[in-house]
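**Student:** Going down the list, the sequences are from chains P and G.
In terms of my numbering, the first sequence opens at residue 1 and continues consecutively.
In terms of my numbering, the second sequence opens at residue 1 and continues consecutively.
Be aware that one or more of the hints could be misleading.
[Claimed, not checked] Okay, the calculated beta carbon distance ranges per label pair:
no. : chain 1 : residue 1 : chain 2 : residue 2 : range
1   : G       : Asn5      : P       : Asp330    : 53 to 63 Å
2   : P       : Gln20     : G       : Gly22     : 44 to 54 Å
3   : G       : Lys34     : P       : Thr4      : 33 to 43 Å
[What the hints assert, rightly or not] Quick partial rundown of chain G residues pointing at chain P, CB under 7 Å, derived from the structure:
no. : residue
4   : Phe10
5   : Glu39
6   : Gly41
7   : Ser45
8   : Cys46
9   : Ala47
10  : Glu69
11  : Val73
12  : Ser104
Read the hints as simulated data drawn from the structure, not as lab findings.
Virtual Cβ for every residue (Gly too), placed ideally from N, Cα, C.
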Amino acid sequence: MDFTEALQLRMEEMAAACTQCGKCFEACPMVGPVGLANEDPRLVLAGVVEQLQSGKGSVASETWAAACSGSGYCISACDYAVNPRSMLKLANYARVVRESGDQIRKNAIAAFRGMAQSLRTVSRLQLSSAQLAALEDPGPLASNEPADITLYTGCNLYKSPHILVLVLEVLRHMNATCRLVGGPSACCGINQFRAGDGESSGRAGLSTLNKIAEQDSREKISWCPSCQSQFDDVIIPNFNKIEPENNFQLEMFFVWLERRIDQLIPLFKRRVEKRVALNERPGYPRVMTAVKKILSSIPGVEVVELDVPRVGLMSNYLTVTPNFKTYLRDTEFHAAVEAKVTTLATVFHACHREICDFDGVYSFEIINVMEIIGESMGLHADDIYKLLKVHNSAEELLEYCSDLIAEHGLNASEAFAILTKEQAAKKPLQGKILKDISFSPDRYGAVNANG
Amino acid sequence: MPTVNFIDKFGVESQIDCEVGGSLMTAAKRAGIKGIEAECGGTLSCATCHVYVDDARGMIPPASSSEDEMLEVVVAERKPESRLACQIAITDSLDGMVVRIPESQF
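If we strip away everything but chain P, and leave its shape as in the complex, we get (with noise of 0.2 Å):
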């Protein structure tokens, strides 16, 4: 069995699981912002199986599918143990390989290299050649012994560097023994399924969980919800189709380090006099119940709820629904002036490039999970991606790295844009945006029920 056909194999095994009850889209947080919210959730169900099925559903059907934001407030919902956000990401996917056509794979090589491109244009403003070769291979081990853990870390993470550079030196302060996998050529293959090319998905995604396997360590642990995502949803269940025998799993990376808090309490030798509120994704609860736990076992830490509806995996999730996604951040924002806190934590790499340049524009401070953590550790990694964010052009992007630009061979115009581009964020990672209500003071009870 290939991937391919291990895939249509799960499209139709979900299609038959599914009672088409619409307990998940009850639950799910984007039916109001796209403008379903009258839409009847047994029918709505039965189009996303027809789209399963033939890759043809209901306007309402597919425009939920291409609306799903990660949340996962389906999973919880259902009582068939579906999933229903991989069985909304192959109904999305089924959508997607109907209408491209003879497209798909163009389509596909055209987004990865997006990525690729931005990756690498972004990451050599912040890193010499030197220090991005440090943190896509930390070097050979002291000794024969498997490592303790292969970190992957998707691709993303390296255009904010100082939240991998402290999640390597936290780890080395903790004497985990540590082997990366990441970048482009270990990529999960998120780009070529969402242009709706299973193949090249599948050969990316297999040979990337390859590399990470070959490693031999004692545990495998991610950083990157949304590769995570695809492996989960789509990469490892496919996988277990094909090689029923294996055993292959990843562990979050906060998920991991919360099991181990025990090795990391007596690490936090710093106060860190900070009332932090999370900026909280719910695609990954245990992430968040983990980072909270850590977080308030460091000495002066006070940890803040904040009463706001979390939607999204990740932030770039929303920006499918620009105006929900303008108000859930400005109610969060609001949320936390009124909380008095000193500090709005990021967890993950993408939210935190989309509102690290806030920090200091309210009362309170924007930083990462990992700069709390480590402050505490006395460890620092400066923020260079927040202090790209506030060079307005190409001029002052050249003043400020010049060297890198020189050192990378980068044009500086040509770098200036693409990074205009991607701190824009305005481009949704499901292809285009969606219908798009804007949202009152009205609807936020709506949005809370939900969520």
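Assemble the complex: chain P is given as a structure, and chain G must be docked to it using the hints.
**Tutor:** Okay, now just chain G, sitting in the frame of chain P:
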């Protein structure tokens, strides 16, 4: 170990010894040949290891349908001698082969 001659976009030539069994892309990356990006690491996802291969002796098997599809979307001009370096397996018969690197991969 076969030797392959790479000629970059400025006409500068580099001779590298390639390990049999690997791919031309891997050999070029290991040797630090500039202009072969290979962003996807050889999983046929990016077509950024596009090269022009002088294979007058017919030593390289023809492109597969997947490679041919990828060659449709290379950034530099596609020529009859266009290939993806990740899809060329190094064998002793490639000794002396000339590989030209195109103007751009992005």
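**Student:** So which of those numbered hints doesn't the model satisfy?
**Tutor:** 4 and 12
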